[in-house]
Amino acid sequence: MGWFGASIKRKEDPALLTGRGRYVDDIKLPGMLHAMVLRSPHAHAGIRGFDKRAALALPGVRAVFTFSDLPPSMQRQTVPLLVPSPAIKQASMPYCLAKHEACFVGEPIAIVVADSRYLAEDAAALVDVDFEPLPAVSDCVAALAAGAPLAHRDACSNLAAVIPVNVGNAEAAFAQAPHVFRERLFQHRGGPFFLECRGMIAVPDPMADALTIYVSSQGPHRHKRVLLDLLDWADHQLRIVTPDVGGGFGPKGSFYAEYGALAAAALALRAPIKWIEDRHENFLSTQQERDQHWDMEIAVDPQARILGVRGTLTHEAGAYMPWGVVLPWIAATSVPGPYVIPSFHLDVAVAFTNKVPTSPVRGAGRPQAAVVMERLMDRVAHELKLDRAEVRRRNFIKPAQMPYKVGIIFRDGRPVTYDSGDYPTCQRKALDAADYDGFAARQAQARAQGRYIGIGIGNAVEATGLGPYESATARVSTTGKLSVFTGATPQGQSHKTTLAQIAADQLGVTPDDITIVTGDTAATALGVGSFAARTAVNAGSSVHLAAKELSHKIKQFAADMMEAAEADIVLEDGHAKIAGSDIKRSFREIAARAVGMPGYSMAGGPTPGLEASSHFTPDQSTYSNGTHVAEVEVDIEIGNVKILRYVVMHDCGHVINPMVVEGQVIGGVIHGVGNAFFERMLYDDQAQPVSTTFGEYLLPLSTDSPHVEVLHMTTPSPLNPLGLKGAGEGGTIPAIAALLSAVENALEPFGVHIAEAPLTPERIVALIGEAARGRTR
Amino acid sequence: MSDRRRVKLAVNGNEVEREVETRMTLADFLRLELDLTGTHLGCEHGICGACTVLLDGQSVRSCLMLAVQVNGRQVTTVEGLARADELSQRAFWENHGLQCGFCTPGMRTTLTEFLAHNPGPTEAQVRDAVSGNICRCTGYQSIVASALAAARAIRAAKGQS
Amino acid sequence: MKPPPFAYHDPTIVAEATDLLGRLDNALTLAGGQSLMPMLNFRVVMPDHLIDINRIAALSYVSIAGGRGHFGAMTRQRDLEFSADVMRAFPIIPEALTHVGHRQTRNRGTFGGSLCHLDPSAELVNLAALHDGVLEATSRSASRRIAMADWVAGIMTHSLAPGELLTDIELRAWPQTHGYAFEEFARRHGDFAIAAVGCLIDLAPDGTIAEAALCVSGLGPAPVRVVRAERLLKGELPSHEAFRAAAVEAESLEAATDVYVSGAYRKHLARVLTYRALERAVARASDRRAA
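Protein sequence lines, in the order shown, are assigned to chains A, B and C. For reference, each letter of the first sequence is one residue, going 1 to 777 in the working numbering. For reference, each letter of the second sequence is one residue, going 1001 to 1161 in the working numbering. For reference, each letter of the third sequence is one residue, going 2001 to 2291 in the working numbering.
Since the hints were derived computationally from the structure, they do not count as laboratory data. You may find that some hints are simply not true.
As the list claims (entries may be wrong) - Only pairs whose alpha carbons sit at most 27 Å apart, straight line, appear in this in silico DSSO-like list of lysine-lysine: (1) Lys642(A) x Lys2267(C); (2) Lys1158(B) x Lys9(A); (3) Lys385(A) x Lys429(A); (4) Lys642(A) x Lys9(A); (5) Lys11(A) x Lys642(A); (6) Lys584(A) x Lys548(A); (7) Lys28(A) x Lys1158(B); (8) Lys429(A) x Lys11(A); (9) Lys577(A) x Lys553(A).
The structure presented is a predicted model; accordingly, all values stated were derived computationally and were not measured.
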């Protein structure tokens, strides 16, 4: 194996570095028109009618589309929910344009089409909408209280779903437990904030009833499935392509209502229409994560061994549920983490509010779960006066216990079973690298100088490689060039390089000899997409298997051509060679043989064509894990936190390209830094978004980001041919927990207790004040 | 009735002349009029830095300038760096200095100005230099490594240590 | 987020600009653009006319003589940052500028633009007040001088009358060996400060504080000279008690609360930052006298 495991330079870079990337907004087509989406300025309002006359009178304005202009197939159904669940009580989904009711600020209510975006914005300002403002519900806890305003006018409640999670008998465990500790935690995560906003171009076919769509997404096949339903079309009528994508982090995987409306508008106008989300719209309408209220208890024996964990979670859905209950389900089922938890009970209530829908953002609820479990572990350590690392050590699932059944059903319908991982070693190595043992002395010395430093630990287990499959078709063209087509859809994860590395090893070529073609529904009939850290496992395995099968086919044809045994053939430098000789045939020649010639029978031989496909289907998710150790300094007068040192020990099984994985981990950690200290989407009590610029919603800058030391260990996955596990989210998942723990440790002399995220400097100063007045501990 | 003006300027060393609406931003002028799509729009309110170009060698946010304001000036975009700045390009390539690539043109133009005035920067100075450019993918570390590697390579090429 | 349509004017001399300002309705002046262009892109302002004064070369200058510095309103922040003359006479300016936005914004942003936009957190506005700034307002027919104390009419509202253009900013230069410190707290590098304190100290030969200037910004619409603190410090030997007393005065200022930050925290910061600024400014004054 030559290329697997090598930190080769990326194939994507030469184009991207020189400004020759091809993102959706870079695509220019003849006759292309430009759209603006008119969005509700009200969090909740009835829509009585529109006056489009002034807008349409503006030169260069082509059309204003509203619900009644949509085709019948879009009027009779809302955007299909692709992940139903019995836990869902009300599967509220939007129409492609609001019908009679807008349920969040930013909900699409009309499409304005003009010759330029500038003109479309001028026109949009002139569309007069007759709104009937309705009461809005802004808080997910208040939404579930009696008498709360309804997020949806015709609903009977704001209860979107109820998810009970149960393992063992928590009631009995708690009744007998010597120690029970309670933690109430508020957690807010924000949005993805990819640098490239969303966008799409809908291009009607001039002659047939068909459409090509370019869209910045995380998987065009899923978008195609939804749009076929909305148009009531057949497979051949729709092609969706995703070109270069400037970040996705989850929310570009959703099908947004406006995509359907834009498709309909393009068909109606018989012209290509481009719509690019601007950053203001992005704040209003791109899905995000938001509020979670946790009320948890942990029961332990006198040796700090966990007897049970139980509690409640109230999760904010927002106005609709584009990803069903996936996000709260993952959060709930990830709480146990790497620990043995004999009984676990969680009641999850999911509430509608009049805000943009929530959906998974890098980490997908697992960061919040890690905060819950790690805060509980720190609490146990504090109460029983034990070292925090020791409490964790005593409760780890041991390697000998693998595969370990947690007892919960994951969102893929399978019981949560950790397949492999060595959690004690991972923590030990991380702590060693961070000089955890020497920290007490460092802390004492700092305190003597009037400085407050702290250290925190975060452990997490990450379900990755989620099914059902990914597609891969490996093909040699008659020019001898190699292509691999896959439904994987990268947004920066380097798939075009890493998948080429895997294929190259099977085909005796270099990664530069293989072109990985991603995200095109015309290239592969089936596909799922890239999210939830699934591509290495699913696409990597499929590419591996397809390339392997292709290599057999090449050898089969070559054996026939060279009158040799297949077992004697090796693939080298784009040729099939008889081992130990100079006799060879080029891939070009073999491909010509494989496509056949008119009149010459191919009966009895290999099937025509030099290609092979695979849809690797994992049995279940495979579990990565990691330990993060953060060392921080808190300025107790200002409340500002400086990260002094950050160590990650990460295990994602076998690694295709170490440089790429390290980049994923570090990027994930910095996202966690953002969630721990900076990122807050503020809404007022009428559910109006308040944070709508990058001056108010704070993303971490280079000067806020620590240098991250990434260490690796490898427990290969037994669940796929290459022993792979996912790496896309592991940087984020334990980060918030480790940072909160470190801040609390720094402020120990003040008795401050941290039970929230994000944590601002003002809040830290207030907590120090409250603790002095005896109010936090 | 739109307010229009003629502009004539040098872009990446080439003279261009167009008639534009006076409200057209410099970023849109580059992308829409000149098909130089390497300059990206990330926020259109002057914070993310994805639209950074060089105006007479100084980094500016092209979303906060009007095309009519650069009449008679010299603008350099990432496309114009390709030839002139291969060492920095190579450093980014070798150090995984980009993932999705969207912030990258802004990073490169910003660093071009910075390294021209700071040939031997420390890590802290590099972080300060790119603090006006947001990246959501890399966590900045590989960008910093790339910039430091570029600085070393540029000094070596000039025969300095 | 595209700007709305407007009629564009780019005068090349002050008289042309003031003539336009005098006769056009609903006109806005475009200086560095770092504040106005975002507002245009968001369409929170919809001017019929945009008067771009970037071509008025005569408005960009730094002239320091006779204990006074004169700055043309269009002097770029970048030029202030790198000017040896400014470093010599007004060293707190380059120090404060390291907190002002980022390289890209300082390459375009101007001194006058900051003074007219009047973000409550703007560092340059603090510095103008700190140096007893006097601003020149020029119209078609006349020019007048406005003291910094009279410049801020309300939140983000200056005192220029219709038809007037800010043309010159005059600052009082402090003695060669004065101590200085600019302390601010912002969430991230380059962000607008939640609170900021500018401090100038002149030490007498006997080591006492001959004169102190202390300016707190970020608490309200205008930066505030903490006059009571300045008086307390005058004639005193620098000491923890003296700094603390001054800091307590700073904390007593009124401070606004918004959805992100409470007034109480701003006041708290005013106290903390005042103390730190005094410590540093005094130390610098000692070093510079000794050198």
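Structure-based check of all given hints:
Between the alpha carbons of Lys642(A) and Lys2267(C) the distance comes to roughly 22 Å, so the proposed pair stays at or under 27 Å and holds. Restraint check for Lys1158(B) and Lys9(A): the C-alpha separation of about 26 Å stays at or below 27 Å, so the hint holds. For the hint pairing Lys385(A) with Lys429(A), the CA-to-CA distance comes to about 23 Å; that is within 27 Å, so the pair holds. For the suggested pair Lys642(A) and Lys9(A), the alpha carbons sit about 33 Å apart, so the restraint of at most 27 Å is broken.
The straight-line distance between the Cα atoms of Lys11(A) and Lys642(A) is roughly 36 Å, outside the 27 Å bound, and the hint therefore fails. For the suggested pair Lys584(A) and Lys548(A), the alpha carbons sit about 19 Å apart, so the restraint of at most 27 Å is met. Between Lys28(A) and Lys1158(B) the alpha-carbon distance is near 41 Å, which puts this suggested pair outside the 27 Å criterion. Distance hint between Lys429(A) and Lys11(A) is unfulfilled; the C-alpha atoms sit about 34 Å from each other, more than 27 Å.
For the given pair, Lys577(A) sits about 14 Å from Lys553(A) by alpha-carbon distance, which is consistent with the 27 Å threshold.
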